[in-house]
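Protein sequences appear in the order of chains A and B.
Going by my numbering, the first sequence opens with residue 7, and the numbers climb by one from there.
Going by my numbering, the second sequence opens with residue 7, and the numbers climb by one from there.
These are calculated hints, taken from the structure and not from any lab test.
Heads up, a few of these hints could be off.
In this list, chains with the same sequence are indistinguishable; a pair is considered to hold if it fits within one copy or across any two.
[Said to hold, decoys possible] Pairs of lysine-lysine, BS3-like flavour, derived with a Cα cap of 27 Å:
| hint | residue 1 | residue 2 |
| --- | --- | --- |
| 1 | K159 | K123 |
| 2 | K123 | K134 |
| 3 | K85 | K109 |
| 4 | K123 | K85 |
| 5 | K105 | K123 |
| 6 | K169 | K105 |
| 7 | K105 | K135 |
Protein chains: 2
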Amino acid sequence: MRRIAVVLIAVAALAGAVAYMPSASGQADGEADPVFGIKIPAGYRDWRLITVAHEEGSLNDLRAILGNDVAINAFREEKLPYPDGTIIARLAWNYEPLKESEKAFGRLQSFVAGPPKNGVQFMVKDSKKYASTGGWGFAQFDDGKPASEAMQKTCFPCHEIVKARDFVFSRYAP
Amino acid sequence: MRRIAVVLIAVAALAGAVAYMPSASGQADGEADPVFGIKIPAGYRDWRLITVAHEEGSLNDLRAILGNDVAINAFREEKLPYPDGTIIARLAWNYEPLKESEKAFGRLQSFVAGPPKNGVQFMVKDSKKYASTGGWGFAQFDDGKPASEAMQKTCFPCHEIVKARDFVFSRYAP
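Go ahead and model the full structure; you've got the sequences and the hints to work with.
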């Protein structure tokens, strides 16, 4: 009787724990990018905010950088290099004026996120698997499908500019 | 023996569940704003992203709108009015050029979040408590302290512009 009780207690505790696991640790889904073999991580839209940015020029977007738990902890601890398992997501939306801001401020001065654009991008840290590109895999997905191989190969040469920050442009916005 | 086992199982399951409760449901802390009695909600920096924006003019910031779970669900379901318990947070940082973007893009075109500025603002839905201001309480905190009473009173008159969207300017950025 006692042994059964002990086993049942353990099972119940585990069930209680598992029932509340954050969904962000789910499996990746869909087609993998052709260069680094990355799939869209499940639940990335629910990840926490690292920072925000605006791109002028042809990109013309407002963007948010989100990170999984490993990423957020690394950014907050400010320890380089980022640990294996870090995943950073870049989401972007069209840069649009908010017409109500004219009434609110007396001049049209607010710019907000319109429809999504410029795909979604990910950086995935795996220092062994991606050793030849600074330990990072890079992927872009447009409407859920991997961008072209040519496109995926443009990521690292650009990120090499910030090699001293472990190839990451973003800084944590507190 | 059996009764003890049942109780222990229940306690273990509860402990397992509680151990993984998201911390965002913590209590508010610090000094309350003088108009609506709102305190800074604990863990708001860990809330999920609703959208991003850029303010020109004297504000000159990049901003992120975060929401607690009630808020995120309401934005995603696109059901108005927002339910009681909705809390929306507006964070903001200085609008600064990213000098590396000149190397990356051939022209300086990226603007990123610098130090925090313009305080942090909250909208809290409680249709009974805040009935005279559309069901919303508004608060701004600068360096953790409530902004002036005069400042807090400027919020609602401006948000009345978007009464048709239950007084919320933000739209969910997917």
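Status of each hint after checking the structure:
no.	hint	result
1	K159 x K123	within (20 Å within a copy, 37 Å between copies)
2	K123 x K134	neither (32 Å within a copy, 40 Å between copies)
3	K85 x K109	between (45 Å within a copy, 25 Å between copies)
4	K123 x K85	between (32 Å within a copy, 25 Å between copies)
5	K105 x K123	both (20 Å within a copy, 24 Å between copies)
6	K169 x K105	between (41 Å within a copy, 15 Å between copies)
7	K105 x K135	neither (48 Å within a copy, 31 Å between copies)
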